[in-house]
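Protein chains: 2
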Amino acid sequence: MKTYQVELGDRSYPIHIGPCLSDQRLLQATLTQQEILIVTNDTIAPLYLERVMAPLRASGKQVAAVILPDGEQYKNLTTLNLIYDELLAQNFSRKVVLVALGGGVVGDMTGFAAASYQRGVDFVQIPTTLLSQVDSSVGGKTGVNHPLGKNMIGAFKQPLAVFIDPSTLSTLPKNEFAAGFAEVIKHGVIQGADYFAMLETRLADIFALDMSALIEVISGSCAIKSSVVAQDETEQGLRAILNFGHTFGHAIETTMGYGQWLHGEAVAVGMVMATDLSSRLGLIEPALAERIIHLVEQAGLPIQAPDKMTVDSFLTAMYRDKKVDAGTLRLVLVRALGDGFLTAEFDPSALKDTLAAFCDG
Amino acid sequence: MKTYQVELGDRSYPIHIGPCLSDQRLLQATLTQQEILIVTNDTIAPLYLERVMAPLRASGKQVAAVILPDGEQYKNLTTLNLIYDELLAQNFSRKVVLVALGGGVVGDMTGFAAASYQRGVDFVQIPTTLLSQVDSSVGGKTGVNHPLGKNMIGAFKQPLAVFIDPSTLSTLPKNEFAAGFAEVIKHGVIQGADYFAMLETRLADIFALDMSALIEVISGSCAIKSSVVAQDETEQGLRAILNFGHTFGHAIETTMGYGQWLHGEAVAVGMVMATDLSSRLGLIEPALAERIIHLVEQAGLPIQAPDKMTVDSFLTAMYRDKKVDAGTLRLVLVRALGDGFLTAEFDPSALKDTLAAFCDG
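Sequence order for the protein chains is A and B. When you number the first sequence by the UniProt record's numbering, it's gap-free, plus one each residue, and the end is 361. When you number the second sequence by the UniProt record's numbering, it's gap-free, plus one each residue, and the end is 361.
Every clue listed holds true.
Same chains, same label: a pair holds when it works inside one copy or across any pair of copies.
The calculated lysine to aspartate or glutamate pairs, modelled on DMTMM-like cross-linking and capped at a C-alpha distance of 20 Å, are: (1) 95 x 232; (2) 95 x 233; (3) 61 x 122; (4) 95 x 235; (5) 174 x 205; (6) 95 x 35; (7) 61 x 23; (8) 2 x 23.
Keep in mind that the hints were calculated from the coordinates and are not lab data. None of these values were measured; they are calculated from a predicted model.
So that you can see chain A by itself, here it is in the shape it has in the complex (with noise of 0.2 Å):
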């Protein structure tokens, strides 16, 4: 078992990696509660709902299950509220505990059911997918999605603690572990020029799901991103850069409709659209850029925009990101490899050639 520990001050908590669902320990450990509620979904329910709950319910808690249907496009206030429902159907206390254990949407709805239940109580996660793994489990963005936009309603809450099981991604779809992967490969480009280029080395390893690279890759992202948001908890500056890709990704998932690309796809697109500007910029060589598309070529991710994204739908969802600030658009572009940065100042006929260079594609 190995274990990060996110720096935040009094709102600190470990990440462990590792075997969480053979070996339970460190999760009753943490689990000190008497009532604890456990949000899934319907895909994850059946696969490892029971192992995790059977030994709860054996310790003598008040243990109960909600489980959502799956998908992004219920990452909404009307499945949020079936998280409300049960925990008020239990009558349970503000010393009740969430456990999330699924992926990034299941981590998002519980942290911001745990954030604005009677006022905010805890939760831990225990992520089942390799975003989640990667990105979600770090950082205490929760929250759900608005017809006019993604992620527009929710909290900064921490979790206790985070329990990763990497032998989860067994049962995880391969388009899914490779969206995942996309987040992956952000946190190299953007803050890990080694890291980068251990997933060029090992990336055969890691896509056979090998557990020593495996656990390599998600303690190495969680290593990036929590000391990115250690800095900058909550997103005044640095951590604006963890958005590398998904000014762009956003506005093709806004575009097509929740749920048609998956968040990891459109981040992918994202990030090569983000390299193509950097480059076109001058701000770095073609070589590159050659380099960091590669990478997401051969993780089997998406480097085109969907034929239905044009240069105007690009722009106009694009400026409605929460990003924009004062109706300035700013973006997260590189300058080197594990240098991302945030910046307004770009000729913005760059930005329209990138455009049209990806849509005409």
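Please arrange chain B on chain A, whose structure you already have, making use of the hints.
Using the frame of chain A, we list chain B on its own:
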């Protein structure tokens, strides 16, 4: 203009009491943001919306308003979503400031929208009811109701500032004024013996809306409440005494259905019941109990539970209350004028006697 500072470290904020609507200089100086959403309701909008909105528009800001249906029965996730809808329809960024113009329901929902829109934006309060001026404007509790419980979904969120213009009380229905006065009495009973005596002395002036009396009432209540809140912002201990009368009162509201009884009316009966229980337990002399109950009655507030309530319906609702910790019911009782305290140690048969006395009456 009288200003009272609520001391909460880096979340400290001023409460300005005086002719804030006639003289908007302080309000304008506080609202430095370019994006402003005023949240109000369909009762208050015709009376005060334009007075707040026009000067802001004149100063060149992007100002929008959302008008919610008036009433506790609309304090829910569905109505909350109308605020998010407008924020997104206006394409408002993280730099938006929300202005809550109305009573406690508007304040609670606006505060929670501010806590959760894009994971947190600023808000100010312009409370227009006595209840919101003396109670919800201090303390940072925000949220909405759930069909199974009041205020079950929410967040702690402090405003940038509160602007109280007592002249708005001239448009407040008399029964709502009395309902707000229930919380005023509460503050005297739990933490302000001298304040309670002042209320007895100036009762006629207060109900005649004498401006100096109102300022004394409002600033006194804000002082008592903010002193309690400052010592216990997130309700770990002392703050619980502010729930004097509320566990009984919430039981009435929950059982009768929201909107049937005004919150303050239910709290008034709840205070009378908590006072009766304190007397039965020998914590206070019958004469003091009479004095408290007399002031409630003089204020035109109910002192008997609704006919529909039974001992069982009280107990069922009370054990579902947020103050229930691991099955133990805690109540705020009084052991002297100005000395309320939270306790789980009381003879349950005395509680049943109190419930029986009020349900049979």
